[in-house]
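Student: Here are the chains, one letter per residue:
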Amino acid sequence: MNNFFLELTIALLFGIGTFLVLRRDMMKVIIGFGIISHAINLYIVGGGVFTNGTLVPILEHEQAVEGLGQGLIYNDNLTAGILGPITTNPYTEFVDPLVQALVLTAIVIGLATTAFVLTLCYRVNEEYGTIDVQELRRLRE
Amino acid sequence: MSFLMDNLPMFLIAIPLLMAPVTILTKGNPGLQKAIDIVVGFVLLCLSVLLITTVWNNGIIAYDVGEFGKYGIVLVADLLSAGMVLLNCSIGFLGLIYSYDYIEDHSLNQTYHTLYNLMLAGINGIFLTGDIFNMFVFFEIMLLSSAALIVANETSKVTKISDKMEATMKYLVLNILGGNVMLIAVTSLYASIGSLNIADITLKIRMLAETGAVPWHLYAVGLLFIIVFGGKAAMFPLHYWLPDVHPTAPSPISAMLSGVIIKIGAYGILRVLFMMFAPFQAVYGPVILFTALVTLALGATSAVGQSDVKRMLAYSSVSQIGYIFLGFGMAAMANVAGETEAATLILAASVVYMINHALAKSMLFLTSGGIIHTADTRDMRQMGGMINKAPMMGAAFLVGAMSIGGVPPMGGFISKFMLFDAGLRAQFYLPIGIALIFAIFTLFYMFRGWMLIFWGERDAQYGEYSHHKLSPLIVVPILLLAAVVLIVGLYPEPVVQFSQTIASQIIDPQPYIDEVMVRVIR
Chain P
30 MNNFFLELTI ALLFGIGTFL VLRRDMMKVI IGFGIISHAI NLYIVGGGVF TNGTLVPILE
90 HEQAVEGLGQ GLIYNDNLTA GILGPITTNP YTEFVDPLVQ ALVLTAIVIG LATTAFVLTL
150 CYRVNEEYGT IDVQELRRLR E
Chain V
1249 MSFLMDNLPM FLIAIPLLMA PVTILTKGNP GLQKAIDIVV GFVLLCLSVL LITTVWNNGI
1309 IAYDVGEFGK YGIVLVADLL SAGMVLLNCS IGFLGLIYSY DYIEDHSLNQ TYHTLYNLML
1369 AGINGIFLTG DIFNMFVFFE IMLLSSAALI VANETSKVTK ISDKMEATMK YLVLNILGGN
1429 VMLIAVTSLY ASIGSLNIAD ITLKIRMLAE TGAVPWHLYA VGLLFIIVFG GKAAMFPLHY
1489 WLPDVHPTAP SPISAMLSGV IIKIGAYGIL RVLFMMFAPF QAVYGPVILF TALVTLALGA
1549 TSAVGQSDVK RMLAYSSVSQ IGYIFLGFGM AAMANVAGET EAATLILAAS VVYMINHALA
1609 KSMLFLTSGG IIHTADTRDM RQMGGMINKA PMMGAAFLVG AMSIGGVPPM GGFISKFMLF
1669 DAGLRAQFYL PIGIALIFAI FTLFYMFRGW MLIFWGERDA QYGEYSHHKL SPLIVVPILL
1729 LAAVVLIVGL YPEPVVQFSQ TIASQIIDPQ PYIDEVMVRV IR
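Protein chains in written order, with our numbering: chain P, 30 to 170; chain V, 1249 to 1770.
Treat each hint with caution, since some may be false.
Said to hold, decoys possible - No farther apart than 30 Å at their CA atoms in a straight line, the calculated lysine-lysine pairs in the DSS-like style are these: (1) K57/P <-> K1637/V; (2) K1717/V <-> K57/P; (3) K1405/V <-> K1717/V; (4) K1637/V <-> K1418/V; (5) K1637/V <-> K1275/V; (6) K1637/V <-> K1717/V.
Please keep in mind that the hints were generated in silico from the structure rather than gathered at the bench. The structure displayed is predicted, hence computed values, not measured ones.
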């Protein structure tokens, strides 16, 4: 991950998200969580770009067998200091498909949690008539 | 039969996961729904017993879900995972029986069964998975289903629905944050190590440490994991959600939360501290030890002043988690000092502690449900003299109180004795001294609670106790758990031997790694 603007975006999103999570309004807290989870999604995708020769771990069977002849190493050889999967071929840039699968999962989970929290927030508003966290504490006592 | 045995770890996750939608489809027929759920619970219990006997006899089971060897998702059942799964399935089954009478019909027939199945699937998945990202996914399944279960209504309207909403909000917000932090940690780990498989990560970090080329940010990543799992287990700076959430949940769910779900945090810490980040034990060991001491002190002192029976039990859970983590911290430090044998002993004691606390605390929470049913309040000051009305609850609460307080012949005594003995042998005099002082606090608050509820007379202004007799659905699970607590105390050898095997497997994870890493891409 060596793209300056990507890093800056992620940092900014984290900052905004954290700021919102620390608000008193429950709605803003939830929006803050949404922004933080998007920052994390960007972070995950950004973690999948390599320029140092780490190879895509998922290949078709034929490619994988073909690749074995072309300097693809899947299994670790710790005595030789090899952490698979790597390639000895002079490829320059790769994108790891696994992180994209991870980010899809993370997005779906984020959707589910956000939906749940929003419903809960609505119910809290129905019960207490407010979603201000400090008001809630006052009402409970 | 061989199909069953070949796919045993998968069944434990897949059955509840697949039955969850089935219980939605049978929503119109509550009887069928209940029957399905009880069968699922029983099958899971049988399968978990089968799993633990298989693992005990034949060694660690690793199960490929995909076809990608270590790059795909691997389910691994070592003795620790299998033991935790057995604990989850048995407490889950008893809690399910209990909730048929305890949960209000409207809540029960809507989504309770679905969510309960999802929760069991999530917890089993967390314990069985050998993949750190998959663990995150199961975390979220468990989190959402358990959060929705906390809001379920009891038959006795002791806890206001608004209180439940507020507590659930707290639980969710903190755990969503925890999930986000875990995702950051997993991604950072993947970006620097290139693997999500726990065994693979262990191997690679060990290799990096041996060559002395550990990137500095891995220390931070490990700490993030400790924060996440510590938050799940209510470790000191992140404990404040627990005393709000566990009391407001309906009693069977409180039993699951206190008995099993906070053990997930302890399980995660074991995986982080002794497997994945084992070379960093010298850094993390003292951190865990210190926070554990603060946790147990804070939990015990807070529990003394509580007047709400479930809140007292919740603070007691915080304190007991402190004892478990104290064992982890001491074991890590002993391991760093090269005293592997002492570390194994301490860790075995911690595992015994986990088992005993899970049994006794879930039993106490179920009992507190019976008490609330009879008294129609959660305030212990408004109770008293209940021993005449509900002698069975009194006996069960006494068994639980003795176990948590560490009085022989209950299971809690064995675990406390083993922990203190092993700690003193490894010369941790100061931490054990502090733990001993707060063990006396534990004894005090548990018996204070018991005496407030069961001895004396009830003040006339609070009215009569309910004349309902407790149904067998409520009494039988409590009695079964109480019997187990007593048996573990009277005949602890199997549990102790089992825990020592677990501890040696944790201290030396090589068999685990070998079992997973022989899998090559098919």
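Student: State for each hint whether it applies.
Tutor: These are the hints, each one checked on the structure:
no.	hint	in the structure
1	K57/P <-> K1637/V	50 Å, violated
2	K1717/V <-> K57/P	48 Å, violated
3	K1405/V <-> K1717/V	18 Å, holds
4	K1637/V <-> K1418/V	36 Å, violated
5	K1637/V <-> K1275/V	37 Å, violated
6	K1637/V <-> K1717/V	9 Å, holds
In this structure, the hints that do not hold are numbers 1, 2, 4, 5, in rising order.
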